[in-house]
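Chemist: Given the coordinates of chain A, assemble chain B onto it according to the supplied hints.
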Amino acid sequence: MEWLQRNSSGPIKTGFLFISTFFIAFLQFGVAGIQKTLYINRGVFTCVNGNTFPFLAFNDSAVYSSQNSVINIRTSDTLFIKVINNDTVLHGFSVDGYPSINALINPGDSLMDTLVPQGERLYIFYDHHLYPKNRYMGLGGMICVNNSTTAKKYYWNLKEHSKKISDTLSVGGQVNWRLYEPDYFTINGWSHPDLENDTTAKINVNLGDTVYIFVINTGQSAHALHFHGFHVKTLFSTRSYQIGWVKDSYPLHRMDGVVLELVPDKVGKYSVHDHNLVAVQGGGTHPNGMFTIMEIQ
Amino acid sequence: MKRQAVLLLFVFGALALSGQNTILLNKYLRSNFGTDTMFDGVSFRVWGITNTLMEFPKIPASIIYCNEGDTVILNTRNISQGEHHTIHLHGLDVDTRNDGDPATSFWLNHMQDTTYTFVAHNAGTYLYHCHVADVVHVQMGMYGLIVVKAAGGAKNAWTGGPPYSKDYKWLLTEVDRSWHDTIPVHNPNTDTLNVPPYRPDYFLVNGKSGWELNADDSIKISGSQNEPIYLRLGNIMYFYNRVIIPPQLNAQIISSDGRPLPNAIISDTVEIMPGERYGVMLQASVQFNDSIAIQYIDMNTDSVWNTQYVQVNISGIYSVPEIKKPASISVFPNPSNDFITIKFTDKKTVNGLFSIVNILGENVVSGKLTTTDGKKTINISHLPSGTYFLNVQEENFSFPAARFIKID
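Protein chains in written order, with the working numbering: chain A, 1 to 297; chain B, 1 to 408.
In isolation and in its complexed conformation, chain A is listed as follows (with noise of 0.2 Å):
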């Protein structure tokens, strides 16, 4: 990480450094290397009643977006990830289940760093700078690692947001998080029924399909998803021993993640939410908040 730090001088140099990085190991190693790189990015948060607050987003460019990136690799790629710091204030970036990468990003400044995935599964990456700070202001998105070809995915990236800490955090304000009540309830930075336009999220597939949907919680509060019509099975989860667990409700403490497997064997419309029903709200309206509705033909 000194290197990193000590070499994080600047978009140009930086961007050299890590295509060379991306060839040298891809000669040496005669692996796949997967190039990606993620902006650090400072915008405004819509909510789903039109309400705004300032926000943070990992985003595949400079262009601020509220819905952090996702990567998708393979077991046998090796991810080369450079991550620019477009804020104006340091922040961290940090692989959840894969300590090597933990480092400091200066404003205007870039780190590069490798992952080598062990086996399928899945990882957040969010800045760990003034934790929890950073992360619910928004900085949290997923690298999932996975062979299949044929399975349909799905990413939820759930959050929930309290627009009163989130105005005040911006301003550099302090708040009680033992005080936490949060206002709007997001998969993927949407709401309910904007969530139904989310290709990303919206489950819409064909009776027998193999689905499987990566799930993380990286905002403060935990999530209780509910499925409707089908039990899914856990191919992963950040929680070990949760593995094999067939369920229809799923327990996501913040910062847990999980790959789930869904077979359905009926055609219809099927609910998903959040069974902590106050988080099937938006600004205080039910049921704009975590709730999605998945379609099998």
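Derived by calculation from the structure, the hints in this document are not laboratory data.
A virtual CB, placed ideally from N, CA and C, is assigned to each residue, including glycine.
It is possible that some hints are incorrect.
[As the list claims (entries may be wrong)] Quick list of simulated restraints, FRET-style, between CB atoms:
# : chain 1 : residue 1 : chain 2 : residue 2 : range
1 : B       : 372       : A       : 239       : 49 to 55 Å
2 : A       : 266       : B       : 269       : 33 to 39 Å
3 : B       : 408       : A       : 265       : 42 to 48 Å
Modeler: Chain B only, in chain A's frame:
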């Protein structure tokens, strides 16, 4: 119609031969009256799901019992003077029609009725609750447990699974009284409502708390050393629970959400989030008195708001009882043109509900059934001639259905 009747006759006959029953239950969705009183004497308005029209809603609704393989039909009527309701069969993996989610299916208006049907494919613990404006309707009390016993009603955690001597069912919930005093209003045109802050002030096990828990034999745990006791845990409210079990009970978490876990987890702490259920096998290694602590924890802050304690009394040493043939019913005379007598084998006292179902699956007669001599006579003279099925259910047991023929 004739072909349908023949098909149903075949299906019912096949089910009867295989020991799989069709259980018909009446459920009334009530939000026009009802109060519940807490351990401290405070009463407030509740809504609920009742078995009869005369019954006052209480929280929670009564447990639905069936055996693996049974088909359960809930004849459901909404009598609520304006509120819309449904029954969602939580965890039973039913199709969209029977799911009770108004976002994908339909709701019942006042005085409308329908049937919700499920086949109990997997022994385990499930939930049922209203899914209309569910954040309010569940909080108001429209929920209950469904217990699917192993095939044939065997005392196993699942068919072929670990045996138990007795089971306890704990449904863990909270009440925010302010929601009951000023009930948030659902707008049926937009299917929306305004959700107030949730700050519960009562913390419940099966609708009870405080001293009530240890005055209720269905909640407090008593048993013998070495006796296998199955604790069914469910949570259907908006906090999560941490159940802390004395180590002498050697708790093993063996199932969740109606499915066995691949590997039992040996732990004296069980966490249950909203909508989850867990099966925990207890087997005391010593005789002792203690209590199980149940923490009620805020989902947003992880702070414990309340802890309830349930007594555990383990005395004496367990000896495996002789296996008794499960109680059953027979009907005579059969065929009959006016009265049938139900005879209970190996059981004199019965206090439950009965229903008579025609070949189309329609409930034609139902009511309470009480006897102390193992017999009960029912007038069937008004029924059209045909084949009928008699179901009798007590609070924690469903008798295998009996088939009879009505003649003119």
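Chemist: With reference to the structure, classify each hint as holding or not holding.
Modeler: Do the hints match the structure? See the list:
1. Between residue 372 (chain B) and residue 239 (chain A) the beta carbons are some 53 Å apart, a value that agrees with the proposed interval 49 to 55 Å.
2. Distance hint check: the CB atoms of residue 266 (chain A) and residue 269 (chain B) are about 36 Å apart, consistent with the given range 33 to 39 Å.
3. A hinted range of 42 to 48 Å for the beta carbons of residue 408 (chain B) and residue 265 (chain A) is consistent with their spacing of about 45 Å.
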